[in-house]
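Undergrad: Chains as they are written, first to last, in the numbering used here: chain A, 1 to 91; chain B, 92 to 248.
It is worth saying that the hints were derived from the structure and are not from the lab. Please note that the accuracy of each hint is not assured.
[Unchecked claim] Derived Cβ-Cβ restraints for the label pairs, each shown as a range:
no.: 1; chain 1: B; residue 1: E213; chain 2: A; residue 2: A84; range: 38 to 46 Å
no.: 2; chain 1: A; residue 1: I11; chain 2: B; residue 2: G130; range: 41 to 49 Å
no.: 3; chain 1: A; residue 1: H28; chain 2: B; residue 2: D149; range: 30 to 38 Å
no.: 4; chain 1: B; residue 1: N99; chain 2: A; residue 2: D43; range: 43 to 51 Å
no.: 5; chain 1: A; residue 1: G15; chain 2: B; residue 2: K139; range: 18 to 26 Å
no.: 6; chain 1: A; residue 1: D79; chain 2: B; residue 2: R152; range: 19 to 27 Å
no.: 7; chain 1: A; residue 1: M7; chain 2: B; residue 2: T223; range: 19 to 27 Å
no.: 8; chain 1: A; residue 1: D34; chain 2: B; residue 2: G130; range: 38 to 46 Å
no.: 9; chain 1: A; residue 1: E81; chain 2: B; residue 2: K238; range: 50 to 58 Å
no.: 10; chain 1: A; residue 1: D34; chain 2: B; residue 2: N124; range: 18 to 26 Å
no.: 11; chain 1: A; residue 1: A84; chain 2: B; residue 2: D241; range: 46 to 54 Å
no.: 12; chain 1: A; residue 1: M7; chain 2: B; residue 2: R173; range: 23 to 31 Å
no.: 13; chain 1: A; residue 1: R85; chain 2: B; residue 2: A148; range: 42 to 50 Å
Glycine is no exception: its CB is placed at the ideal position from the N, C-alpha and C atoms.
One-letter residues, chain by chain:
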Amino acid sequence: MGCVESMNYEIVLKGASFKESREYIRAHFKEFLDVQPGFKILDIPVIGLPPVAVGLEGDFIIFPYTKPCHGTFLLRVEDAEEAARLRALKK
Amino acid sequence: MEGEPAANPATALLVLGCPQVPVQTSIALYLINRLKKAGITPVVAGNKAANTLLVVADPDRHYLGEVMDLDRAVAQIADRKRDFDSCFVFIHNDAGVSYAATMGAISKAKLYGIVYGEHFEEQVKKIEFSCTIIAAKAVHNPLPLKKALDEVKPWAV
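Go ahead and model the full structure; you've got the sequences and the hints to work with.
TA: Next up, the structure:
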């Protein structure tokens, strides 16, 4: 299982609801894909209501990360290999 | 019956939410007790604070069995390494609904949403997936939620 703390991430959105995070990705990123809850991004299972939107911007992946006490964060993490894998799933 | 292998006992996962609403710990212990009496093995998954509240309250483990980290539980179920017969997700905020939807998507368990808190109706409206809802306005006093749980009797299913 991956660990967010070991990643060099940027917080795009903080304390959002799952709905707000989905809408934010669809509105702000030209490239995105929908995945099911439990789908792994950077070895971390995604939490949320289906469909969960994941944004792509060059080598960056923008995905929701949910904590029980703090709601949903949208994180932006650079990983060329993972971005390519996700991009390939869109086809 | 003697000589026959015992069937695997039924299992239940309790997914704890943020422990900021007091009734969660009380209802979790109550539910664990009812499940155990019914022969169901309960496993608790929560963040460090939610788990510690239970572990400190039950030092001799009269009620608690296995307690695990929530992220690890989600990863194990998503990886198909583990699953449960029933799953109870404690919900009092948006994150709780997200965890319940996730459990519904990754687990084959019968899903129960235990919804409570000051704005419990707001959370109930967000549950658009298949789930048995057990809900009550309960913040400090666990009795309304206990009553709702007793009406459904999920340990008897």
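Undergrad: Against each hint, give a clear statement of whether it holds in the structure.
TA: Hint check results:
1. The supplied range of 38 to 46 Å is met by E213 of chain B and A84 of chain A, whose beta-carbon atoms lie about 40 Å from each other.
2. Distance hint for I11 of chain A and G130 of chain B: a CB-CB separation of about 45 Å, consistent with the stated range 41 to 49 Å.
3. Taking the beta carbon of each, H28 of chain A and D149 of chain B are about 46 Å apart, not inside 30 to 38 Å as hinted.
4. Between N99 of chain B and D43 of chain A the beta carbon distance is about 30 Å. The supplied range of 43 to 51 Å is therefore violated.
5. Hint check: G15 of chain A to K139 of chain B, Cβ distance near 20 Å, so the stated range 18 to 26 Å holds.
6. The hint said 19 to 27 Å for the Cβ distance between D79 of chain A and R152 of chain B, and at roughly 42 Å that hint is violated.
7. The supplied range of 19 to 27 Å is broken by M7 of chain A and T223 of chain B, whose beta-carbon atoms lie about 37 Å from each other.
8. Look at D34 of chain A against G130 of chain B: about 41 Å separates their beta carbons, and that is inside 38 to 46 Å.
9. Hint check: E81 of chain A to K238 of chain B, Cβ distance near 53 Å, so the stated range 50 to 58 Å holds.
10. A hinted range of 18 to 26 Å for the beta carbons of D34 of chain A and N124 of chain B is inconsistent with their spacing of about 41 Å.
11. Roughly 53 Å separates the CB atoms of A84 of chain A and D241 of chain B, a value that falls within the hinted 46 to 54 Å.
12. The hinted range of 23 to 31 Å is satisfied by M7 of chain A and R173 of chain B, whose Cβ atoms lie roughly 25 Å apart.
13. Restraint check, R85 of chain A to A148 of chain B: a C-beta distance of roughly 44 Å satisfies the suggested window 42 to 50 Å.
Hint compliance for this structure: hints 3, 4, 6, 7 and 10 are broken, all remaining hints hold.
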